[in-house]
Amino acid sequence: MTWIAALLISISLSCFVAGQILLKHAMDLTERAQAPWHSRALTFALAIAAFAVNFFLNIGLLQRFDLSYFFPFQGLSVILVALFGAWFLKEKVGLRLTIGSLLISAGVVLVSMT
Amino acid sequence: MDRSRRWFLNPWLQLGICVLLATAAEVFLKLGANETADPASHWSWTGLPSLRSSWVWWGIIASVVSLFNWLAALRKLPLTIAFPLGNVVHILVPLGSWIFLGELIQPLRWGGIGLVLFGLAMIARPAARLEEKL
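Note that the protein sequences, when read in sequence, are chains A and B.
Its first residue numbered 3, the first sequence is counted upward by one per residue in the working numbering.
Its first residue numbered 9, the second sequence is counted upward by one per residue in the working numbering.
None of these hints come from the bench; they were simulated from the model.
Do not take every clue at face value.
Some chain B residues near chain A, calculated using beta-carbon distances under 7 Å [unchecked claim]:
| no. | residue |
| --- | --- |
| 1 | 92 |
| 2 | 131 |
| 3 | 133 |
The structure presented is a predicted model; accordingly, all values stated were derived computationally and were not measured.
Just so you know, even glycine gets a beta-carbon here, dropped at the ideal spot from N, CA and C.
Only chain A is shown next, with the shape it has when bound in the complex (with noise of 0.2 Å):
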């Protein structure tokens, strides 16, 4: 793999988990009656358009590698999403959270793989 193609595999990987963690902030807001409209719009906008980012990336690579060669790189969401929604969304992630997102994480990429 050459650097480039590592580069646009991890900006594609981090716009989808961005885009999961946006539209859970904005789902967050509107359950908050005081959030300002316009705060709700910006988050949710913002999440479309991190997941416009991540699929025409998502295209271009596909043109350029096999989808059992890039697919299991989706399985590191799994584990991308736990780690950045304790920390962005300060959810509670405990030991049994962790090491189920981590079977799944595998699990994916080994149905991905083959």
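Position chain B relative to chain A; hints supplied.
Chain B in isolation, oriented as in the chain A frame:
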């Protein structure tokens, strides 16, 4: 809010509907792609000719509805629990491909499905604790 509406908006039910619709969407899109496959066409690589198939439209509808179910689930569930549980789709899609499309599942893939199942079982307890709080 009446009881049936509250029951329908239960975040676990919404998450369940979301993964079932996401699985159905993948199967529908594959059926549509197979139905309209024409490698000789210059437009085939864009995927646009597949829009002729009603299966593809059902796939698009299922994807859009599953996104709304995902948003409804995220309103109540922590992302760190909902997202790993949503990965059950990585079990359901190969199973759906096996049952409805007659595709083979290789032993390594069964191993991956087993690992995902084991991981989901690990998350079941934190999820059950959360259910008590909701």
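Now the hints, each set against the structure:
no.	hint	verdict
1	92	holds (5 Å)
2	131	holds (4 Å)
3	133	holds (6 Å)
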